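K.L.:
Since the structure of chain A is provided, determine the placement of chain B on it from the hints.
Protein sequences, first through last, are from chains A and B. The numbers in my numbering rise by one with no breaks, and the one at position 60 of the first sequence is 60. The numbers in my numbering rise by one with no breaks, and the one at position 246 of the second sequence is 246.
Don't read these hints as lab results, they were simulated from the structure. Because the structure is a prediction, the values reported are computed rather than measured.
Below, computed lysine-lysine pairings styled on BS3-like, alpha-carbon distance capped at 25 Å:
1. B:K303 to A:K93
2. B:K237 to B:K225
3. B:K14 to B:K186
4. B:K266 to B:K237
5. B:K186 to B:K357
6. A:K63 to B:K303
7. B:K122 to A:K2
8. A:K79 to B:K122
9. B:K191 to B:K313
10. B:K313 to B:K186
11. A:K79 to A:K23
12. B:K313 to B:K195
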Amino acid sequence: MKFGYVSCLPETQLITRFVEELKNGRLMGTRCEKCGTTYLPPRAHCKCGSADIEWYEAPRRGKISTYTSVGVPPESMSKYAPYIVAVVELEDKTRLLAQLTGVALNTLRVGMLVQVISRRLGADRIVYEFKPV
Amino acid sequence: MIQKVGIIGIGHAKFGKRTDTTLRELTYEAVTRALEDAEINVKDIDASVIGVASEEFAAQVSPAVLVHDYVGMRNKPVFRTEAACATGSAAIQAGWSLVKADLADIVLVVGAETMTHLGTSKTTEVIARAGDTRWEYPFGATFPSFYAMMAKAHMNAYGTTREQLSMVSVKNHMYGALNPYAHIQKTITLKEAMKSSMICYPLNLYDCCLISDGAASVVLANEEKAKKISDTPIWLKGLGAASDTMMISERETLTELRATRIAAEKAYRMTGIVAEEVDVAVVHDCFTIGEIMAYEDLGFCKKGEGGKFIEEKQSYIGGKTPVNTDGGLKSKGHPLGATGVSMTIEITKQLRGEAGKRQVNGAEIGLSHNVGQAGQYCFVHVYSR
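Chain A extracted, bound-state conformation (with noise of 0.2 Å):
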């Protein structure tokens, strides 16, 4: 299953396994076992330059840093325009971006609080997504 409305990389083990637990609704991020730092979404090695890494569960509220609407998509997302893109900050100040449904634009408000969900599109598809608490 791939992972974004659209993507141009290939599956790798890190991507697979985030997909694979984003299917049954978990966020996973990645902490380092040397110095700590966690990463969402996840990476394969830290910035301190250690790849010993063990998987998180991330919190799933959070509230609205900033967001904005996409009336001119790229070519590739022209089926899904306009849709709303947010940066939210979620319980533990990680911040994450993605689209923001199920509310109109007219009464988004930053601080607004939202929850992560997963989504399938079709098939083989699959994102995180925002959603009004």
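P.N.:
Chain B only, in chain A's frame:
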């Protein structure tokens, strides 16, 4: 030891929809003018640095040597830079370094991009892939969307208004109308700017820079050659460069570009010049919010007061710090690789006193600010007479 590096020649191709040319003819136009301006022959040049951001736009893998050979530089050293929208300033900084390291006495710097042949939808697609292709591109995040989110964050944090964004556009179109090399040479009203079609909320059409074809070229020389060849060398004295996270979501704040702050601090420190002393600046207004954040991040005003800065016309000629007197990316156009070199040309003109109707009287210190992607790269240059 090489003391200073001077700009001794400048050449600008007309920016716009230039499907009358391809990369080679377009760069020839800029290079020929730069050589004529410096009153030297291509044989006098020791090496070149060519900034072209994208092979897809150039429709040519390895575009630098194509340009280098086409303008008659065969067998001489050639380097290419890539820093997305800041590719041109990266080329300037690489050229400066070659001279400073005494690897070359005279260096030709060229920045160029041919974009319009791809059309808006495909161009948006290519540029979107400058975002993280694993975690941000797959959501349909575009470059306008990144800056739109910065605009929303800035409006929310500091009360920056929709009207203030449009005021930047009105100013830049006013100056662009006076620049014969600009892509669009027409003034616009605040009303027109305010009601143009939405691209990425809250940014509308007149908040966004143009997709353009263009090329620009400068000749750099060491102090000895510069003084010998030119009566009016302009000295590139302060160079700052910085970077930031590839993913936008990793930034602690989206109300500023941290890379700008770091690069500016380095450039100011290298020269001993402070922001208040800058007589004229060109900044990266790929989107109007970019110019407002630049006022703050470069120290022209306090953080959060960028909106007020344009509203009070402090960035107009006659204001505290005139900004984007060439029309900026907004009106002059933004052919990625050409932009940074074009910025250096405008500052050189201003400091030589050759900017005509858009001249800042008596300008002695200039600054250029060039951002790559959504703040992933930043270059700040400080110049003096």
